[in-house]
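Single-letter residue listing:
Protein chains: 2
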Amino acid sequence: MVERLRKIGFAKLTSVEDALDLLFSNTKTVNTEEIDTPKALNRIIAEDIESEIDVPGFDKSAMDGYALIAEDTFEASPNNPKFVKKVGKIEIGEASDLSIKRGEAIRISTGAVIPNGGDAVVKIEDTEIEENNIIKIYNPVAPGKNVAKQGEDIHKEEIILKKGTELKAEHIALLSSQGIPKILIRKRPRVSVFATGDELVEIGEPLSKSQIYNSNTPMIANLVRTYGGEIISEATVKDDKSFITEKMLQAIPSSDIVIFTGGTSVGTQDYLPEVVNENANVLTHGVAMRPGEPILIAHKNETLIFCLPGTPVAAYVGFLKFAGPAIRKMMGAKETDPRKELIAEIDKDIPVSRMGYLHYLRVYLEIKEDKIIARSVRLKGSGIITSLTNSDGIIEISKEQEGLKAGEKILVKLLPI
Amino acid sequence: MVERLRKIGFAKLTSVEDALDLLFSNTKTVNTEEIDTPKALNRIIAEDIESEIDVPGFDKSAMDGYALIAEDTFEASPNNPKFVKKVGKIEIGEASDLSIKRGEAIRISTGAVIPNGGDAVVKIEDTEIEENNIIKIYNPVAPGKNVAKQGEDIHKEEIILKKGTELKAEHIALLSSQGIPKILIRKRPRVSVFATGDELVEIGEPLSKSQIYNSNTPMIANLVRTYGGEIISEATVKDDKSFITEKMLQAIPSSDIVIFTGGTSVGTQDYLPEVVNENANVLTHGVAMRPGEPILIAHKNETLIFCLPGTPVAAYVGFLKFAGPAIRKMMGAKETDPRKELIAEIDKDIPVSRMGYLHYLRVYLEIKEDKIIARSVRLKGSGIITSLTNSDGIIEISKEQEGLKAGEKILVKLLPI
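One line per chain: the protein sequences are X and L, in this order.
Note that numbering that gives the first Met the number 0 gives residue 163 to position 164 of the first sequence, counting from 1, and the numbers run on in steps of one.
Note that numbering that gives the first Met the number 0 gives residue 170 to position 171 of the second sequence, counting from 1, and the numbers run on in steps of one.
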């Protein structure tokens with residue numbers, strides 16, 4: 000069969016959608032762990048979080064000024080000020096039980112408790128204090144003005160964060176404002192990365208003609224980190240069936256994901272398909288996408304195995320489409336594809352070389368007046384890393400499309416950051 | 000003067016642009032350090048990188064197939080194949096000195112050296128091998144087809160990365176492909192963060208009425224990390240002039256940046272303006288932006304001091320506009336504001352409360368057919384953290400604008416990730 004494949008290429012290609020369905024239906028969630036809330040940046044929360052308190056916990060002032068009864072300020076103006084009497088002061092953090100009646104006011108700081116009876120705050124800039132604690136009010140306020148009502152932001156027992164949310168600074172602030180010291184998150188999936196190829200030389204070694212430096216493991220390892228995984232093993236492997244088999248069997252028991260690059264197509268030294276076939280369950284080999292056609296996805300028990308093409312751009316795209324989303328799916332992330340999207344106009348006609356394939360087009364973006372123009376990055380092959388470093392994002396041209404027409408609106412997925 | 004300020008508010012506000020100019024002209028770059036290339040994810044490179052080699056380093060095959068002379072394939076078709084003779088084989092990584100003449104072909108793998116004399120590669124799927132090493136060619140190739148020429152991606156001595164670039168997986172791949180083992184990056188700016196306020200209670204402590212949990216230091220500390228800085232100190236401080244002075248003077252010598260939240264406005268317990276005035280050089284106090292008006296920016300020698308408002312959203316916006324960009328400027332980043340931008344349509348009229356201020360509007364985004372709709376997040380005050388956790392991005396309404404009109408195209412800056 001392998002010989003046949005080598006000659007005819009992939010007899011049958013799986014669509015990207017079907018490959019993703021197959022992959023996700025074989026992707027298991029990793030275990031949870033507890034973490035201190037302030038240290039949870041970029042982690043995926045594993046439980047819904049319910050509010051334990053009203054926020055604010057009490058009616059509080061949103062301004063520095065005077066708490067009073069709004070009606071006492073009605074029709075106040077710079078030329079015709081209203082007068083109230085200052086009867087006390089409430090500082091931030093002070094559990095005051097002061098109260099006020101008509102004609103009275105209490106000096107209050109932003110964030111302090113509104114006194115009983117008070118229903119609005121006049122800001123300090125709109126007042127002047129006279130002798131005998133008489134306050135002149137130069138501008139009226141409506142009831143509720145400059146008061147943050149108890150529970151107006153969050154009601155007790157409301158769900159404030161859904162499981163699967165990736166925690167950013169603002170989510171950590173929200174959890175902190177609730178006094179929640181620890182939360183349950185998903186562990187980082189453990190990932191092993193191997194680049195196969197007799198032509199690969201490690202950084203720092205001398206390079207002879209016919210050889211290239213290994214750039215795939217540093218690239219994939221850093222994409223794994225960007226997507227939230229943890230690298231537990233990283234190496235280059237010669238194109239030798241027994242070496243590859245050994246590395247794979249060693250890595251599987253301790254890894255949630257094993258990623259190979261290179262050796263997955265139909266070349267004479269592409270041993271990976273054989274090795275994976277003999278030692279794991281192949282989910283798909285050959286996906287209708289360009290670049291990335293030779294991608295192989297398999298699993299052995301709960302460990303996923305990805306064999307990505309050796310050309311860097313194809314490996315990159317294959318990671319973004321399959322391995323990266325699998326890492327996020329393992330962590331229970333709501334968004335398995337974390338890339339941000341925008342709408343742009345393509346600058347010129349882009350024909351595709353062959354329909355039936357999903358084509359990935361690298362583009363850079365320019366803001367021009369009130370629209371964003373996407374320009375295709377000039378490139379020849381999928382080995383050209385500068386086509387990535389010069390890009391802002393990637394457009395997917397679906398298998399039903401003959402290409403793109405100049406001026407067409409297209410969805411751009413920004414490169415992951 | 001302080002008393003006057005407390006009464007009248009800010010007599011004079013600085014525009015956001017002027018405040019940023021003042022800040023940047025007082026921002027010094029931090030020192031450099033060397034790092035192993037594969038470990039440089041998200042770091043800012045401190046030097047231009049010149050290519051040390053041609054990439055590819057030799058003419059190489061972009062396909063598995065036969066290297067040959069293109070002319071020998073002209074007019075080949077499935078019904079009328081052309082014939083060549085296989086005279087050898089070149090594997091990946093093999094430093095072959097084989098050469099070919101008209102009528103000859105060499106079996107070659109993707110990535111292997113093109114033999115002398117060969118100018119194209121026919122892919123294996125378009126061929127069939129007969130007895131006596133005769134190869135049938137079913138499809139023609141043009142000269143250069145499936146050949147990656149030496150130097151076509153990168154010429155030796157070309158600048159491949161500019162200083163100030165933030166290194167992502169693809170940049171690390173590019174450096175690795177050049178065999179560059181170490182690079183010079185900027186150190187992480189050292190940042191101290193303090194939240195001031197008598198009302199603040201630490202996570203895990205019991206909360207009484209009038210108190211709130213401190214959410215500002217966890218939020219700002221994680222924003223600092225997101226922007227590339229390193230937290231060296233983090234605490235809450237009571238509203239007490241001598242405590243605040245002590246914390247500030249302790250922090251300055253070991254910090255590149257000191258950030259306070261709270262106590263920076265004109266309230267009776269807002270001691271920060273006094274403390275900073277007495278111990279450092281104030282660059283600006285009071286910025287024409289909402290939220291965020293009471294922002295104070297100062298420096299003491301090379302240490303920058305930011306006093307952000309205590310309400311979380313104002314602190315967040317103040318960080319995004321000033322403290323965050325200062326961290327990136329210290330690292331020599333090309334982009335001091337790392338947020339991604341897109342163009343959307345605002346869903347409805349948004350009036351602004353007062354012209355002359357830059358207004359920050361939090362929005363969430365929806366993709367609707369071929370455009371993105373920005374919807375304003377409903378909110379009351381700037382203390383409401385859920386207005387951030389429910390947002391995708393922020394719109395800036397300039398001080399000259401009266402507001403936004405429904406359907407207007409607007410630039411949205413996505414929240415930092």
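No lab work stands behind these hints: they were computed from the structure.
Beta carbons are placed, not taken as given, at the ideal position from N, Cα and C, and that holds for glycine.
Careful, some of the hints might be misleading.
[As the list claims (entries may be wrong)] Listed next, the in silico EDC-like pairs over lysine to aspartate or glutamate satisfying Cα-Cα at most 20 Å (straight line):
1. Lys181(X) - Glu201(X)
2. Lys408(X) - Asp58(L)
3. Lys208(L) - Asp118(X)
4. Lys84(X) - Glu124(X)
5. Lys161(X) - Glu344(L)
6. Lys88(X) - Asp35(X)
7. Lys38(L) - Glu233(X)
8. Lys370(L) - Glu340(X)
[Claimed, not checked] Chain X stretches covered by chain L per the calculated footprint, using a threshold of three residues with CB under 8 Å from any CB of chain L:
9. 19–32
10. 69–81
11. 104–112
12. 272–286
13. 289–296
14. 384–394
- Item | Hint numbers contradicted by this structure | Hints 1, 2, 5, 6, 9, 10, 12, 13 are the ones this structure does not satisfy, whereas the remaining hints hold.
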